[in-house]
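Next come the chains, spelled out residue by residue.
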Amino acid sequence: MMIKKLTILFAIVVTSAIATAGPVSGPAPNFTLQMLGGGQMSLAEHKGNVIMVNFWATWCAPCRQEMPHLEALHQRYSPLGFTLLGVNVENDPAGAQAWLEETPVSFPVLFDPENGVSELYDVIAMPSTVMIDRQGNMRHLHHGYKPGYENEYQNQIRALIRE
Amino acid sequence: MGRTAVPVAVVGVTSRYRNFLSRALLGAVLACACVTLSRAAVLPEDRADMLFHSYDGNGVTITGPSMLVRKSFATNFSASANYYVDRVSSASIDVITTASPYTEERTQYSVGLDYLHDRWIYSFGLTKSEENDYVANTFSIGVSQDLFGDLTTISLGYSLGRDEVGRRGDPLFYDEVARQQYRLGLTQILTRNLLLGLSFETITDEGFLNNPYRSVRFADTSSAVGYSYEPEIYPNTRSSDAASIRMRYFLPYRAAIHGEYRSYSDTWDISANSFDLGYTHPLGGGWILEGKVRSYSQTRADFYSDLFPFSQAQNFLARDKELSTFSSTTLHFGVSYDFLSNWRFVDRGAVSFSYDFIQFDYEDFRDLREAAPTPGNEPFFSFDANVIQVFVSFWF
Amino acid sequence: MLRIAACIVALLFLSACSIQPWVRPYERDNLADPIMSFDRDPVSSSYMHHVYEAREGARGANGSAGGGCGCN
Chain D
1184 MMIKKLTILF
1194 AIVVTSAIAT
1204 AGPVSGPAPN
1214 FTLQMLGGGQ
1224 MSLAEHKGNV
1234 IMVNFWATWC
1244 APCRQEMPHL
1254 EALHQRYSPL
1264 GFTLLGVNVE
1274 NDPAGAQAWL
1284 EETPVSFPVL
1294 FDPENGVSEL
1304 YDVIAMPSTV
1314 MIDRQGNMRH
1324 LHHGYKPGYE
1334 NEYQNQIRAL
1344 IRE
Chain F
467 MGRTAVPVAV
477 VGVTSRYRNF
487 LSRALLGAVL
497 ACACVTLSRA
507 AVLPEDRADM
517 LFHSYDGNGV
527 TITGPSMLVR
537 KSFATNFSAS
547 ANYYVDRVSS
557 ASIDVITTAS
567 PYTEERTQYS
577 VGLDYLHDRW
587 IYSFGLTKSE
597 ENDYVANTFS
607 IGVSQDLFGD
617 LTTISLGYSL
627 GRDEVGRRGD
637 PLFYDEVARQ
647 QYRLGLTQIL
657 TRNLLLGLSF
667 ETITDEGFLN
677 NPYRSVRFAD
687 TSSAVGYSYE
697 PEIYPNTRSS
707 DAASIRMRYF
717 LPYRAAIHGE
727 YRSYSDTWDI
737 SANSFDLGYT
747 HPLGGGWILE
757 GKVRSYSQTR
767 ADFYSDLFPF
777 SQAQNFLARD
787 KELSTFSSTT
797 LHFGVSYDFL
807 SNWRFVDRGA
817 VSFSYDFIQF
827 DYEDFRDLRE
837 AAPTPGNEPF
847 FSFDANVIQV
857 FVSFWF
Chain U
86 MLRIAACIVA
96 LLFLSACSIQ
106 PWVRPYERDN
116 LADPIMSFDR
126 DPVSSSYMHH
136 VYEAREGARG
146 ANGSAGGGCG
156 CN
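Chains as they are written, first to last, in this note's numbering: chain D, 1184 to 1346; chain F, 467 to 862; chain U, 86 to 157.
Hints in this document: simulated from the structure, not taken from any laboratory.
Incorrect hints may have been included.
Partial pick of chain F residues on the chain U-facing surface, computed with a CB cut under 10 angstroms [claimed, not checked]:
no.	residue
1	Thr-746
2	Phe-826
3	Glu-829
Here a beta-carbon is modelled for each residue, glycine too, at the ideal position from N, C-alpha and C.
Can you build the whole structure from these sequences, using the hints too?
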């Protein structure tokens, strides 16, 4: 009897779950942030390219795990009209700067120490990734990272570049 | 004293606690159904630990290794294995007053598997512990889920154990123990610097629950010392409940202060409380210091007595100091040093050392190595123990 | 006491379905620090639990999981 009840409840739970990545719509809100190496950069500068915004932190293990894959994607697709922006969400950028000295990346890294942009993009998981098309609209949203996600990223980038 | 009524009452109590725990389980699963956005949790880190442990107290010396390896594979799985040995050399007060010193070895093997699916982590474990007169087998399952923006983690666990009890020097002696454990855990992030943990556990044992070598003493005028021994007799069921609350707070200069309170009671009428208070302080340069104080006290089982008035005074008899009224205080000091960082496939390597000084003070267990004019007036027993741990850990 | 506590816990879950997380994922840096883990060295803590359980009458309610970086 208890096993029957449990089975029904587990079925409800499983069917109520939604995928960890989903489509999203609407124009991507613009922002301007300080860049690693000095200067500022805004999202609007890259309109016309496919943009992937990745929210990360050094204390988040899946974020660190994802970095080499992001670097590979940037290297491969930036000649084709693709930009990857890494947004570091730590309150003190010094930690991220030190980590990036040991593991450098070639894509722009922006700092969001006040977390204004994280709020703007409603970051509800670490890491979070938003795909933005050439018209500046948000198209895909990813929460978290597990090995294999980089394949999804690649497929979505390819599709958006071809549009 | 109506002891024959106890087994029936224990069975009634057991099913009552099992009922509300199963209701709590249903309630938790119902609650999980409310959350519609699914996100994944994280499996435990990959690591390898090699520990050497040493306990020295009350004439007993126990040393040995404990090795743990944990590795994730196929994205969603994490497997772990533990090998643990106790090498016992015992001339404790129980042994000195009623038996002869002995050495013994206990080996324990454990394997575990964790499976991550969305926000759920399912866990399975098997443990086998073997010594020359006791074999314990345990099977465990557990499930945990992150809820409410991952601020809450709820976990449920169940273990089933089957033990085989033997007696050295008596090949015909054989008995069994069946154990069941029900666990409910909750971790809640209260603020960005404060964590709260709650834990509830109910354990039921059934079978041969006493020690085949231990005896109780009773006043006996026909004996030279005024008392004689007879074998202990325990109830064949025991059901216990424990609840604990713990908190951990991050101090702004990077340190952590933590405390825990646990309350325990069981159907043998033992009630116990323990308090822990600790402080963890990273020094920089890879050094972490830790200090902790623990205070424990319990009241005796209702069938425990240091000296019974005559032979077979009750249906159940015990003189195990573990069931007596006593208190203990522990002072803990630990230090660890990160000696390796980002070397080949190793993310981090650390070596750790810890020392615990534990003092036990008994209030109704007497030290029979000291003679007394009449039995029952020997001084109360107390002893200190020194526990040392040295271990190396790698994360990869 | 145990029954009341477990009921409170269950009610907390049922009522919290609509609560928004008050600690955002990007604010969990301190919680992700290894010193904030309830169980930093499992081999060591399971050994000490065994030391106490073998000498004391009490058993159970030793562990809890969770906290940390909350990633993914």
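Report task. Answer holds if the nearest beta-carbon of chain U is closer than 10 angstroms to that of Phe-826/F; otherwise answer violated. Result -> At about 7 angstroms, which falls below the 10 angstroms cut-off, the nearest Cβ of chain U leaves the hint on Phe-826/F intact, so it holds.
Query - Status of the hint placing Glu-829/F at chain U (closest C-beta pair under 10 angstroms) - result: For Glu-829/F, the interface hint is violated, since the closest Cβ of chain U sits about 13 angstroms away, which is over 10 angstroms.
Requested in this report: Would you settle whether the hint for Thr-746/F is holds or violated, based on the nearest Cβ-Cβ distance to chain U being less than 10 angstroms?
Outcome: holds (5 angstroms)
Taken one by one, the earlier hints fail for this structure only at number 3.
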